Structure formats: structure tokens, C-alpha cells
Amino acid sequence: MRRGQLSVSVLEAGIGMLLLLAVASTLAAGVPVPDEREARLDGYAADGLTILRDGNPALGSAEPAALGERLDALAPPGTRARLETTGGTVGPSVPSGVAVGKARTTTANGTVTLWLWYG
Amino acid sequence: MTGRAQSNLPALAVSLLLVSAALGAALGVAGGAFAAADRHALADQRAEAVADGLLREFGAPGRENALVAPVGVNASALRERVPAAGRSAGVSLGNRTLVEGSGAGMARQLVSILTPVPGPNRSLADGNATVSGSVARLELGSNATNATGGTNDTERVEWVRVDGRPVLANRSGLTGTYDIPLPGEGPHRIRVEPTGTASRVRGVAYNESGAVLRVSADA
Numbered sequence: 485m486r487r488g489q490l491s492v493s494v495l496e497a498g499i500g501m502l503l504l505l506a507v508a509s510t511l512a513a514g515v516p517v518p519d520e521r522e523a524r525l526d527g528y529a530a531d532g533l534t535i536l537r538d539g540n541p542a543l544g545s546a547e548p549a550a551l552g553e554r555l556d557a558l559a560p561p562g563t564r565a566r567l568e569t570t571g572g573t574v575g576p577s578v579p580s581g582v583a584v585g586k587a588r589t590t591t592a593n594g595t596v597t598l599w600l601w602y603g
Numbered sequence: 042m043t044g045r046a047q048s049n050l051p052a053l054a055v056s057l058l059l060v061s062a063a064l065g066a067a068l069g070v071a072g073g074a075f076a077a078a079d080r081h082a083l084a085d086q087r088a089e090a091v092a093d094g095l096l097r098e099f100g101a102p103g104r105e106n107a108l109v110a111p112v113g114v115n116a117s118a119l120r121e122r123v124p125a126a127g128r129s130a131g132v133s134l135g136n137r138t139l140v141e142g143s144g145a146g147m148a149r150q151l152v153s154i155l156t157p158v159p160g161p162n163r164s165l166a167d168g169n170a171t172v173s174g175s176v177a178r179l180e181l182g183s184n185a186t187n188a189t190g191g192t193n194d195t196e197r198v199e200w201v202r203v204d205g206r207p208v209l210a211n212r213s214g215l216t217g218t219y220d221i222p223l224p225g226e227g228p229h230r231i232r233v234e235p236t237g238t239a240s241r242v243r244g245v246a247y248n249e250s251g252a253v254l255r256v257s258a259d260a
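Taken in sequence, the protein lines are chains A and B. According to the working numbering, the first sequence is numbered sequentially starting from 485. According to the working numbering, the second sequence is numbered sequentially starting from 42.
No lab work stands behind these hints, which were simulated from the structure alone. Predicted model only: the values in this text are computed from it and were never measured. Glycine residues also receive a C-beta, built at the ideal position from the N, C-alpha and C atoms. Treat the hints with caution; some may be incorrect.
[As the list claims (entries may be wrong)] Think about it this way: if two alpha-carbon atoms lie no more than 20 Å apart in a straight line, the pair counts; the simulated SDA-like pairs of lysine to any residue are:
# : chain 1 : residue 1 : chain 2 : residue 2
1 : A       : Lys586    : A       : Arg524
2 : A       : Lys586    : B       : Arg149
3 : A       : Lys586    : A       : Glu568
4 : A       : Lys586    : A       : Thr563
5 : A       : Lys586    : A       : Tyr602
6 : A       : Lys586    : B       : Asn115
[Stated by the list, open to error] Pulled from the structure, derived: some chain B residues nowhere near chain A, Cβ distances all over 12 Å:
#  : residue
7  : Ala74
8  : Ala90
9  : Arg104
10 : Pro111
11 : Val112
12 : Gly113
13 : Ala116
14 : Asn136
15 : Glu199
16 : Arg212
17 : Ser250
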């Protein structure tokens, strides 16, 4: 019975491929690809919470309607926002399938979360 | 020997094809990683330093991430008061360019623009005011003076009500600066209740809006 023989060239090519792909994968894995829009919205959301809390640190006890109006005025043009406090929630539901920024802070009255997205 | 070499030619061709394909894929992945990498880290840090300095120097006193309109930022003022800006930093606020400039680094920050509501209702000198802004800013306690202009430590503000609803209260006296979000459409009646009759407090109502502060800078 004749034994099957693998060509040395093919073997070398296979090893070369593995080497190249290993180097490329290492490079790609070492550099995480950030979602630029989401990162930017995260930053805006964090800034928004800072502004909302400034002068009103117990944000969790604020009147939701007043907070909602302030939030509408503060949201960057072209964005929509949702704020969740222990006193209630203002803003539309967070959509799925789009880049959403999120920030959370803790006040004396509980946790406050702000979502921000383009839409 | 010749026959053996010729029989390996197809295998060699396939091998070259495989290696070329792998090389192409590797270059594609590496190119994507290079494109996604932050190659302007130092310039970005400079831009953030300029943005922080700008808000510190030109920002609304006692407020974070807030500027009072008119903002008053121009090229010479920025370079004088925020040395990190150097000669190349550029600043824009919303759609307005405040300082012409460019750079590889970019900092973006959401800021609050406070526009004082014009009109005669800005003063709370008599302890009462009707305002139509979205935020009222009150400076209480530390500015209390008596009728002859001298300070009077026994007078203090214990209550602040908006439309009759208490929004600030402290039996020991409210001191410092407070920002009060005003609910719904104006006008609203703000009542400051001092223990004496001669206390003066300063207050101003603002319309508040958000804008993105963009700072570009080079490393």
C-alpha cells in the first residue's frame, strides 16, 4: 500500500500562513477597537450627570418633570436622553441596535443613570 | 529528478497562493488595528488640558462644566489665561468657532451655557422675585448685610420656596450658592425667607442649554 505524501511546499506554506495569522491576530487582539460613537456618548452622558448634579446634588429627589425639561435643554443637538432616578424616569425608552452612551452616579437618594443616543 | 520537480509545481503554486492570501488577510487585520489605535494620545491629552483650563478660567463660578453667556473666550484671552493652549489650539462651542486653530488631538465636552434672563426680575433683594428662566441661581447667607450696609451674622436665610413649594431649607441657615431647576414653563415665584427683614440675597435666573465644547490641539 502506497503511503500518502504531503508536499513539503504545502507544509511550509501552511506553517507560513499560521505564522502570519498568529502575528496579525496578536496585533489585532492587543489593540481593542473602540466604538468611537459610544465612547463619545459615554463622555457626554458623564458630563451631563455632572451638570445635572451641580447645584442639585441630591438629584434622586428632584421633581422628574423639572429634571426632564432641564435634560431636554442640556442634551447635545441631535441626541435624546433618558434619566432614571429613584423618584422616577424621564425620557423615551432606550432604543436597541444603536450606539448608546451611559453614565451612572450615586446620590444621597440612590442611583441615577443617564442614557444618551443619537436620534 | 526532472519528473519529480515538475510534479511539485502545482503544489508550489497552491502554496504561493495560500501564503499570498494569508499575507493579504494579515495586512488587512494589521491595517484595521493601526487605524483603530489611538495615535494622538499626547495631542488628545493636550486638548483635554486646554478644555479643563478653559472651563476653570472662563467657567461659571462655583459651577462645573458651565459657561455664562456671553462666553468671552477669544484667541488672546485663551492664550493668556490657559498657557497650555499654545498658538495652535482651536476652540468651538456648538456651531460657533471661538478660537481658530487646529491640531491632531481633540477633546469634546458637554457643557451648560447659562444665559441670564433679561428684565427687572433678576434681583431678589427684597426676598421675592418672579423669574421665567429654567434655572435660578441664588447666593445666600454669605452676602447677607443689614440695612446700613454692615454685616449681620444673626440674620440668615432658612427657607427658599418656588411657587410656594420648599426647595431649600436649613434651620441653621442656608449659606453658599444654590442652583434651583425651575419646574415647567415660567414665570415662577421665588420666595427667600430670611430671619430678619434687612437681609439681602442675590439671585439670578438663567436659561440653561447644552452645547458641545470642542478643543483641538497639537502635542
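Results of checking the hints against the structure:
Our distance criterion of 20 Å between C-alpha atoms is met by A:Lys586 and A:Arg524, whose separation comes to about 10 Å. With a C-alpha separation of about 16 Å, the suggested pair A:Lys586 and B:Arg149 falls inside the 20 Å cut-off, and the hint holds. Straight-line distance between C-alpha atoms of A:Lys586 and A:Glu568 comes to about 11 Å, which keeps the hinted pair within the 20 Å bound. Restraint check for A:Lys586 and A:Thr563: the C-alpha separation of about 13 Å stays at or below 20 Å, so the hint holds.
Restraint check for A:Lys586 and A:Tyr602: the C-alpha separation of about 13 Å stays at or below 20 Å, so the hint holds. Only pairs whose Cα atoms come within 20 Å are accepted, and A:Lys586 paired with B:Asn115 is rejected, the gap being roughly 33 Å. At the 12 Å boundary, the C-beta of B:Ala74 falls inside the reach of chain A, the nearest C-beta of that chain being 4 Å off. Once the 12 Å rule is applied to beta carbons, B:Ala90 is consistent with being away from chain A; the minimum gap is 16 Å.
Once the 12 Å rule is applied to beta carbons, B:Arg104 is inconsistent with being away from chain A; the minimum gap is 5 Å. The claim that B:Pro111 lies off the interface holds: its Cβ sits roughly 18 Å from the closest Cβ of chain A, which is beyond the 12 Å cut-off. Listed as a non-interface residue, B:Val112 keeps its Cβ farther than 12 Å from every Cβ of chain A; the least gap is roughly 16 Å. Interface exclusion of B:Gly113 from chain A stands, the closest Cβ pair being 20 Å apart, more than 12 Å.
Every beta carbon of chain A lies more than 12 Å from that of B:Ala116, the smallest distance being close to 25 Å; the non-interface claim holds. Not every beta carbon of chain A lies more than 12 Å from that of B:Asn136, the smallest distance being close to 9 Å; the non-interface claim is violated. Residue-level check passed: B:Glu199 sits 18 Å from the nearest beta carbon of chain A, beyond 12 Å. Even its closest Cβ contact with chain A, about 17 Å, leaves B:Arg212 beyond 12 Å, as expected for a residue assigned away from the interface.
B:Ser250, annotated as away from the interface, has a beta carbon of chain A within 12 Å; the closest lies near 5 Å.
Taken one by one, the earlier hints fail for this structure at numbers 6, 7, 9, 14, 17, listed in ascending order.
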